[in-house]
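Let the hints inform the model, and build the full structure from the sequences given.
Protein chains: 2
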Amino acid sequence: MVNAQHAHTEQHLTSSAMLQDIVIGLSDGLTVPFALAAGLSGAVQSSALVITAGLAEVVAGSIAMGLGGYLAGRTEIEHYASELAREHREVRDIPEAERAEVDELLADMGLSPATRAAAVRELTADPEQWVQFMMKYELGLEEPDPKQAPKSAATISLAYALGGLVPLSAYFFTSTPAEGLGWSAVITLLCLLVFGYLKSRMTGQPPVWGALKMATTGALAAAAAFLVARQFS
Amino acid sequence: MVNAQHAHTEQHLTSSAMLQDIVIGLSDGLTVPFALAAGLSGAVQSSALVITAGLAEVVAGSIAMGLGGYLAGRTEIEHYASELAREHREVRDIPEAERAEVDELLADMGLSPATRAAAVRELTADPEQWVQFMMKYELGLEEPDPKQAPKSAATISLAYALGGLVPLSAYFFTSTPAEGLGWSAVITLLCLLVFGYLKSRMTGQPPVWGALKMATTGALAAAAAFLVARQFS
Chain H
430 MVNAQHAHTE QHLTSSAMLQ DIVIGLSDGL TVPFALAAGL SGAVQSSALV ITAGLAEVVA
490 GSIAMGLGGY LAGRTEIEHY ASELAREHRE VRDIPEAERA EVDELLADMG LSPATRAAAV
550 RELTADPEQW VQFMMKYELG LEEPDPKQAP KSAATISLAY ALGGLVPLSA YFFTSTPAEG
610 LGWSAVITLL CLLVFGYLKS RMTGQPPVWG ALKMATTGAL AAAAAFLVAR QFS
Chain U
430 MVNAQHAHTE QHLTSSAMLQ DIVIGLSDGL TVPFALAAGL SGAVQSSALV ITAGLAEVVA
490 GSIAMGLGGY LAGRTEIEHY ASELAREHRE VRDIPEAERA EVDELLADMG LSPATRAAAV
550 RELTADPEQW VQFMMKYELG LEEPDPKQAP KSAATISLAY ALGGLVPLSA YFFTSTPAEG
610 LGWSAVITLL CLLVFGYLKS RMTGQPPVWG ALKMATTGAL AAAAAFLVAR QFS
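Chains H and U, in that order, are what the protein sequence lines are. Following the working numbering, the numbering of the first sequence begins with 430 at its first residue and continues without gaps. Following the working numbering, the numbering of the second sequence begins with 430 at its first residue and continues without gaps.
Calculated directly from the structure, the hints in this document are not laboratory data. There is no bait here: all hints are sound.
EDC-like mimics (lysine to aspartate or glutamate), calculated; alpha carbons at most 16 Å apart, straight line:
1. H:Lys-565 to U:Glu-567
2. U:Lys-565 to U:Glu-512
3. U:Lys-565 to H:Asp-537
4. U:Lys-565 to U:Asp-532
5. H:Lys-565 to H:Glu-533
6. H:Lys-565 to U:Asp-537
7. H:Lys-565 to H:Asp-532
8. U:Lys-565 to U:Glu-530
9. U:Lys-576 to U:Glu-507
10. U:Lys-565 to H:Glu-571
11. U:Lys-576 to U:Glu-505
12. H:Lys-565 to U:Glu-571
13. H:Lys-565 to H:Glu-512
14. H:Lys-565 to H:Glu-530
15. U:Lys-565 to H:Glu-567
Listed below in structure tokens is the structure:
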């Protein structure tokens, strides 16, 4: 969910990709483990059990997000490489069809036939530049940085785990799940407000509204998990 | 994670956005609830408890993904609208600077100064077309469909919930968590293989490799959750 936006905002922001990954991991890590622990708090009598389930979720989610993200990053690299190879092939084997595609793109931009004729000639003069043009403007693909996928995966994974420990920490220091839930809700919603605020600031959105959105998502997920778990316990 | 790719592949594929959303929700829903249930199976003696925790996770994850996705979609729409307003303002107030930006973009594409002069004149003749050009080629933004965000959120959320019921179903029909885990692993890994295969087919990647990647992610997340939960129980 967050990533489509991630891609957009990167073009506009000075904040590093790493900071974005930290916020993504933290906000997701705060939400789901919080809701799971809240749900179990309404269904079981043992804080130890809430902690065990919470930690299992944190580990599972952290690996799923991290490894899933890493593999998606690798796929993006392979996808780019295979599209690049295809464009090279097409420029070599069916240059007339590719030239027509360039012309069509330029027509979509709003250029006149005369200007297009000159532009097509210049853009297709060098095969390398031609392929780059097709990749960027026909397919909308930017070359992915191969070092970004593992770094991003590790950051998101770690941030998710750290985020998940925030709601669970309350259960370490309290004696009953009900008491744990109270403190867990206070510190987690506070963190969600802060992160929602910071995230919206980073993406240039109204920060107070962003803070409320993130806290509301967490609260609704927790309330629903609580009701369902109580139903089934 | 999945969404950056989602955006790319949409341009190339005939498969509907809905099918993609189903696969996203199902594959995530299969992974994390499976791993959580597996983790708890090594830590508790009661299948009912595994089911309660699993359902709480499914509800929490489903709402977090669905609502989070919906709100991210709304943010994208607002982001597009605010950038559109800014470009309109800039084209009106600082046309010379904006004209220089168009020229720079065309230079990046590889056009000669003479062709650029003609192209800049044509692209900036109509303010509406000029703004559309800046949105698409300077900012790389496509106008989001306002109906897509709620539809996509509902689909992902429902698919996540359905995916999550697959690993949990095994615990309904078995008497101990250990037995449940065995069947849960069999049916879930089978489903992950099938969905990994289909997802890779849809995105034009090698399908067998995609099937293995998805099953491996699920298996690793489950194994890690199992080890951690046992440590803390």
